[in-house]
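S.K.: As given, the protein sequences belong to chains A and B, one line each in that order.
Residue numbers are given in numbering that gives the first Met the number 0: position 209 of the first sequence equals residue 208, and the series is strictly consecutive.
Residue numbers are given in numbering that gives the first Met the number 0: position 287 of the second sequence equals residue 286, and the series is strictly consecutive.
Keep in mind that the hints were calculated from the coordinates and are not lab data.
Every residue gets a Cβ at the ideal spot worked out from N, C-alpha and C, and that includes glycine.
Among the clues, some could well be false.
[What the hints assert, rightly or not] Restricting the straight-line Cα-Cα distance to at most 27 Å, the calculated cross-link-like pairs of lysine-lysine (DSSO-like) are:
| no. | chain 1 | residue 1 | chain 2 | residue 2 |
| --- | --- | --- | --- | --- |
| 1 | A | 285 | A | 149 |
| 2 | B | 270 | B | 38 |
| 3 | A | 27 | A | 40 |
| 4 | B | 72 | B | 55 |
| 5 | B | 72 | A | 314 |
| 6 | A | 292 | A | 146 |
| 7 | B | 38 | B | 268 |
| 8 | A | 254 | B | 93 |
| 9 | A | 285 | A | 186 |
| 10 | B | 102 | A | 314 |
| 11 | A | 314 | B | 90 |
| 12 | B | 270 | B | 70 |
| 13 | B | 93 | A | 314 |
| 14 | B | 120 | B | 44 |
| 15 | B | 38 | B | 72 |
| 16 | A | 186 | A | 146 |
| 17 | B | 44 | B | 55 |
| 18 | A | 93 | A | 146 |
| 19 | B | 38 | B | 27 |
| 20 | B | 90 | A | 240 |
| 21 | B | 240 | A | 119 |
| 22 | A | 20 | A | 46 |
| 23 | A | 20 | A | 39 |
| 24 | B | 268 | B | 72 |
| 25 | B | 90 | A | 238 |
| 26 | B | 93 | A | 238 |
| 27 | B | 93 | A | 240 |
| 28 | B | 240 | A | 93 |
| 29 | B | 90 | A | 254 |
[To be verified] Far from chain B, by Cβ distances over 12 Å, these chain A residues were calculated:
| no. | residue |
| --- | --- |
| 30 | 4 |
| 31 | 5 |
| 32 | 42 |
| 33 | 55 |
| 34 | 59 |
| 35 | 64 |
| 36 | 71 |
| 37 | 118 |
| 38 | 120 |
| 39 | 274 |
| 40 | 291 |
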Amino acid sequence: MNYLDFEKPIEDLIEQLEKVKGTHAQGKVNMAETIEQLEKKIDELKKDVYGKLSNWQRVQLSRHPDRPYTMDYLQYIAPDFIELHGDRVVNDDKAIIGGFGTIDGQTFMIIGQQKGRNTKERQFRNFGMANPDGYRKALRLMKLAEKFGKPILTLIDTPGASPGLEAEERGQGEAIAKNLMEMAVLKVPIICIVIGEGASGGALGIGIGDRVMMMEYSWYSVISPENCSSILWRSWDYKEKAADALKLTPNDMLKNGLIDGIIEEPLGGAHYNPQEAAEILKREVKKIFKALKDVSSEKLIESRINKFSEMGVYKEEV
Amino acid sequence: MSWFKRVKEGITTKSKEKKYIPDGLWNKCPKCKAITQSKDLAENKYVCPSCNYHHKISSEDYFQILFDEQKYKELYAEIVSGDPLNFFDTKSYKDRLIETQTKTGLKDALRVGVGKINGTKTIISCMDFGFIGGSMGSVVGEKIARSIDYARENQIPLIIISKSGGARMMEAAFSLMQMAKTSAKLALLNQEGIPYLSILTDPTTGGVTASFAMLGDFNIAEPDALIGFAGPRVIRETIGKDLPKGFQSSEFLQEHGFVDFIVSRTEMKDKIGSLLKMIACKKTSTKKTEKIDS
Ligand SMILES: [Zn+2]
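Bound-form chain A, shown alone:
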């Protein structure tokens, strides 16, 4: 386990607990009562620490090194997942994966950004920053789902679309734009869940859905707090301020009518218990799909477009 600065007090208690458990397991001393007390204490401390997180700390949690990524969720929610590669044009982008999988008997096209766990993997996955090929692969797979009448589930977790020479040469802007337009009129239900970072057009590029949900410790905005700080304050030092100003938390996003709901995480965050987090996510997906599966495609598309059309705050002067 890795612990962030503000998680250190919890780490200390968990270490203590492990030691006590070790002693208990040796069978010489009965430590059952101490274990129970420590576990209670950890839960209370977690409630305290995670109950008063700053917005910047929430952003840090969304990037926690132990946080489950798309493939971790897949392993629990759709173990029969068959990955489908390539955009059929130039490449197979490693930052976005996709394929068919069964969630409790229902086939879904599941598409998500994938981050890496270690240096090598992170490079292989380009830090979850997709190139145009990734967005085109995603669209190809979504059209495949539409063809076979299967619902789409997207898992969003990206610090942004890849900024680079190749990305520009191959039309990053066009690729994302095309996805936004095409997803708006796909005939099958689309469920989008921000599981970690939801940064900018790179996130939105697989984020046009009938239901857009955010996990409890995820964030979603037009820019990361660091880049926002750099642009608006011309310094990297205002990321905390930017994290507040951007109103990027699930609660703020829901309040502003920009997402449809929040998915709870295990106490302290998904990284403490990825399996439980996946179970909760699966439950939500099933619940949402149940509400969407009998809606006609005309109605789905109409409501989807209307929902996004209503986003925005402006005044009309008379």
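Let chain A serve as the given structure and place chain B with the ligand on it in line with the hints.
M.R.: Frame of chain A; chain B with the ligand shown alone:
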């Protein structure tokens, strides 16, 4: 704007303030340094006669250049920005809006006009770079959405002229969702077979590029405009070296297959006029059409 001198402060009228370059002055070309009289520059559609540099001009200038007899009706002019997030960076968004509105005489970063281009009734949404870097917030998104609805209702072609640094950060996720909103509306326009011409001018970047600007049936660029998703500075920092010459220029985009053609502003009206005639809306509208001559 520092390269031209104001002769007299505070006497310009509102409509003149909307123009990027006031009349009666001498202008120095930022590219080749040639000096041109404003009147001559205006006659040449603000294109430098010496080096073909396309000056950054306002929506008013584009309307004057493109609409027949410079006649058009402005739509949705009453829509102004809210401050949904109570945003404050180095100053409050509210103050920034009022300051910019006073300084530019504009309400926001996009204006909509309906008129005729060489006889074809057309609706044009045109961005103003002078308004917070032509950034896209709720007002830009709403005006584009309404323009699309207008084009659908009246069965007339839509032109969007982009000139933008990207998202309006002070509207954060509201700004992001304007990408979804405009693209979703364009999907409907697309299904109904109504032509959409996207004109890309210097600069067109960020969320604007990653939504409506790249979704034209025709993507048309002015020469040597900067067009891209990520800004050049960000890319330079990411790859840790200088960018190749001409990277992200109109010519680069045409070469890579993302722009249909590049047209000088001096020939824009005629070329677009011809194109519109060739692809005239297939359906004749039975719905009421608003009279635009007034
Ligand atoms: Zn010149």
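S.K.: Determine which of the earlier numbered hints do not hold for this structure and return their numbers in increasing order.
M.R.: none
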